[in-house]
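Number of protein chains: 2
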Amino acid sequence: MKYSAQVLIIGGGPAAAVSAATAKKYYPDKEITVIKDVETSVVPCGIPYMISSLDSPEKNIMPFDPLKNAGVKIVIDKAVEIERDGKKVITAAKDEYSYEKLILALGSTPVVPGINGVELENVYSVKKDFDYLKKMIESVKKSKNIAVIGGGFIGVEFCDEISSLDGKNICLIEMLPDIIGNSFDKEFAEIAKKKLLDKGVKVLTGVRVEEISGKGKAEKIKLSDGQVIPADTVILSIGGIPNTGLAVKSGLRLGMGKGIWVDEYTRTIDTDIFAVGDCAGKRDFFTRKDNPVMLASVATAEARIAGANLYKLKVIRENKGTIAAYSTYLSGLVLASAGLTEETALRENFEVVVGKSESPDKHPGAMPGAGKLMIKLVFARQSGILIGGQVAGGNSVGEIINVIGLAIQKNVSMNELESFQMATHPYLTPPPTKYHIVEAAMNAIGK
Amino acid sequence: MKYSAQVLIIGGGPAAAVSAATAKKYYPDKEITVIKDVETSVVPCGIPYMISSLDSPEKNIMPFDPLKNAGVKIVIDKAVEIERDGKKVITAAKDEYSYEKLILALGSTPVVPGINGVELENVYSVKKDFDYLKKMIESVKKSKNIAVIGGGFIGVEFCDEISSLDGKNICLIEMLPDIIGNSFDKEFAEIAKKKLLDKGVKVLTGVRVEEISGKGKAEKIKLSDGQVIPADTVILSIGGIPNTGLAVKSGLRLGMGKGIWVDEYTRTIDTDIFAVGDCAGKRDFFTRKDNPVMLASVATAEARIAGANLYKLKVIRENKGTIAAYSTYLSGLVLASAGLTEETALRENFEVVVGKSESPDKHPGAMPGAGKLMIKLVFARQSGILIGGQVAGGNSVGEIINVIGLAIQKNVSMNELESFQMATHPYLTPPPTKYHIVEAAMNAIGK
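So the protein sequences, as listed, match chains A and Y.
At position 209 of the first sequence the residue is numbered 206 (this note's numbering), and the sequence of numbers has no breaks.
At position 420 of the second sequence the residue is numbered 417 (this note's numbering), and the sequence of numbers has no breaks.
Just so you know, these hints were derived from the structure itself, not from any lab.
Keep in mind that a hint or two might mislead.
Copies of one chain are not kept apart here, so a pair can be met inside one copy or by any two copies together.
To be verified - Below are the BS3-like pairs computed for lysine-lysine, each with C-alpha atoms no more than 25 Å apart in a straight line:
| hint | residue 1 | residue 2 |
| --- | --- | --- |
| 1 | Lys246 | Lys(-1) |
| 2 | Lys407 | Lys246 |
| 3 | Lys353 | Lys22 |
| 4 | Lys85 | Lys21 |
| 5 | Lys214 | Lys138 |
| 6 | Lys311 | Lys212 |
Chain A extracted, bound-state conformation (with noise of 0.2 Å):
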C-alpha cells in the first residue's frame, strides 16, 4: 500500500513521541505518521524500576493513546528503506509512506561484547522491549546468584532493585576502576558503592568478564583476577551504540562519533531529514568532542526542535551541545551530574577550581527526616564559568541538578552564584546561610 505522511517519524520511545506531539502543535494541519517496530513501548528510564518498585512490569508501558488522540497515527511495522529521491520510506511489511519532513527516532542497540557465553540462555542485555524485559525479570525473580555485567547508572540501578528482593546474590561487575565512573569524580562514585555494599551487592571494580559459562544456560563467569562467579541470570548493562543502519543505507553521514551527522536544528546533511535521541550524533557543551549520552532527558529537547523546526527554523539555536544532565536513585540515596567532572575537566585540559558544600538537607538539622547533602561544583579557573555539578543526598537532589543544569547552559559565573537568589525552606532545603549551590561557589571562589 500507499501512504501519504507529510510528517513521517520512524521510532518508538521518547524522542519519537514528544517529535509527535511537538510537530503536532507547531504544524497543527500536517498530517502526521510514526511507524514503530515494537507493538509494546516501555518507558525507557523506568526499565530497572520494573523489578520490585513498580507493582507489575505493565506499569511501565509507554502510551502511545494520548498522540493518537490528537490525531497522529500509529503504524506498527519496521521502516526498512529511506528513498531520499522519492522522499518515500518503504516498511517490511513492503507498504510505502510518502513524506515532505521525515525524524529518524531509530534509537540505539544495547552493546553485548565479544566473549563466549553471551548466547546463553540467562544472559539479558537491556533492550527497550516489553516483552523481552519480561522474560528477563521473571528470570531474576526465580534466581538465586545475578550478575550485572556494567557499573553505569542503568547497571547500579539494576542492583539496587534486585536487592529490594528476598534472597539474592547480586554481583555488580566494572572493568573501571569506580563505578558510575563517567560522570562521577571518585568520592561521588565511594558514596554509590557503599550504598550498594550496604544492600548486600557484591562490587567487583578493576574487573574483566572474561567468559560466561553453563550448560546451555548461563552458571557462572570467569573473571580477569581469576574469581568465578555464580550466575543463574546474567544482565548485560555495558551501554548502547546508535541505530544508524538505515541512515547510511540512504546516504546520510555520521557525525564525528557513531551517530548520524546533524547539524544545530537536528537536521542531517538531508534539510528535510532529521535526526534525534540516541541514533543522532552528540557533541559535548564543554570539550565539543562526540559525546554520545543517550539519555531520555537529552532525546526528548532534541525532539522538541525537531518538531518546530520541521517546515520553518522557529527555535534558533547555537548548538551548544550536550550537558548530560541525570540522576540515580538507589533505596533513598540520589546521585546527579550534570556537564563535566573534575576528573574528565583536567583530562581535557580545562583549568579548574572546584568548590564544595556539605549540610544537613533540612533546616536547622533537626528537622524531621533530614538527611546529608554533598555538593561539588567545578568552575573554569580564569572565566569563573561553572562546568560542571555534582550532588549527592535525597530526593531533593533530583530537582537541585537543573538549578545546576540550567545555571551550565547559562554560563554562569561563581560570582553570579554567590549573589543567586534562592528559596528555601525548613522542610525542603538547606538553610539559606548555607544553601548548597551558593556555599559551592562561595567556597570555590578565591581558592
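Got chain A; can you put chain Y on it based on the hints?
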C-alpha cells in the same frame, strides 16, 4: 569601654551571621564584631516548626559558635546610636565600638494592628526572640481554641503545624479574598486552602478582625461580618516593619518604601555603612517598585554582597532587585513562588502569556509515592521572557522553584526553556516527555 572593631555588624539574624562569615572570608585580617540584642537567636524560617515538627523549641536555635570559632567577636548588647562622623556605635551598656565599615542587619518588627485587645495576655506576634516564642508555644499547647490572624505563609504554616497537635480548634483569619495571595494566583491559593480545611483548620477570608476581648487574657475575636470566634491564644502574623530607627537617627536615608536606602552594593548614602536584610529597602526585579519582602534567603543574598564589598567592590552587580522566591510546606503539600504572579503582573501593566502543566511528580505515574505536580509560568508577551512561576506538589517543589528562580534571574525566554536540558528520573521527576517547566513553556508558546 571603648572597643575598636574594624568591621562592625549590628544584628542577630541570618543577615548578620552571613555578613560576618562573608567578611571573614574576603577580609580575613580584619577584626569583626557582631553586636546582637538577643542572647538566643532563632532560625527565622523554622519558627512555626518549633510547635510540633521539632522535638523541642531549642532545636531551632541559630548557633553563633561557628562564627566565634572563626574569630568573630560576638557581643550581647543593644546599639543605640551611630556617630557617623566619629565612625563609632554607642550601645545600651554605654560601650563604644569604632568601625571602619559598619553593616546594619537590624531586622524587622512584627506589625501589631491598632485594634482593641492586642495588648491582652495570650496575644502573640511572631517575634524572633527565643524566650518569647517559647512562651507562645506553651500557650498554644495549653489552648483549645487558637486564632491565627494573617494568612501569609507564616500564618498558614502556623495553622498547619498546630493542626498536627491533638484536639485544637484552629481558625485562620485573612482580610483579603485569598490566603497567601501576595505570592500566588487564586488557583494555587485554593490548593493551600483545601489542604488546611482537610486538616481541620477553619479558614475565614475577606473578613477583618474588629476586636479581641476577654478578661485579662484573650477569649474571643469579633470579626467584621459579625461572627465571634473563641480564642485562647491569638497569633498575629500580619507581616513586619523594617527596623530603621537607628539608621534614621544617624541621618541615613530611607528608600522608596520603609526600608533603608541602599545602592547596588548594599551601601547606604554613607558608603562606609551597609544595610542588609529586612531593614534594607528592596526593589522588585520587574516592577522596579519597592518590594518589602522579608525572607531569610533574600537577606542572606544581600549579606553576601555586603560582606564581599566592604573594602573593595568585588561583587559587581546591577541591582536586578528581588524575585521574592520562596516555598511553603503544609503537611506534605508544597507551594512555591518566584517573580510575579499573573494577577500582579496584569495589575502592574505587563502584557503576559501564561503556560501551565500538570503531571505526576514521578514517572511512570505508578511509581510508589507519586503525587501531582502543578506548575504555572508567567511570561512577558512580546519578549517571551519569564517573569514569574508558581508550583504546587510534593517535596521536589522546593528545588523546582530554584530552577525557575534562576531562569528569572537570567532573563530566560520561553523559547530557551523549550530546549532546556534537564535531568529526569522515575523516582524524582515527571518523565522527560512532560518535564514541568518545559511543558509549561511549550504550553505558553504560540498562545
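Evaluation of the provided hints:
1. For a Cα distance limit of 25 Å, the shortest separation of Lys246 from Lys(-1) inside one copy, 21 Å, qualifies, whereas the shortest one across copies, 87 Å, does not.
2. Taking identical chains as interchangeable, the C-alpha atoms of Lys407 and Lys246 are never at most 25 Å apart, the minima being 38 Å within one chain and 44 Å between chains.
3. With identical chains, the CA atoms of Lys353 and Lys22 are at most 25 Å apart between copies only, with a shortest distance of 15 Å across copies and 43 Å within one.
4. For a Cα distance limit of 25 Å, the shortest separation of Lys85 from Lys21 inside one copy, 20 Å, qualifies, whereas the shortest one across copies, 69 Å, does not.
5. In this homomeric assembly, Lys214 and Lys138 come within 25 Å of each other (Cα to Cα) only inside a single copy, at 16 Å, whereas the closest approach across copies is 67 Å.
6. When the C-alpha separation of Lys311 and Lys212 is checked against a cutoff of 25 Å, the pair qualifies neither within a copy, at 58 Å, nor between copies, at 71 Å.
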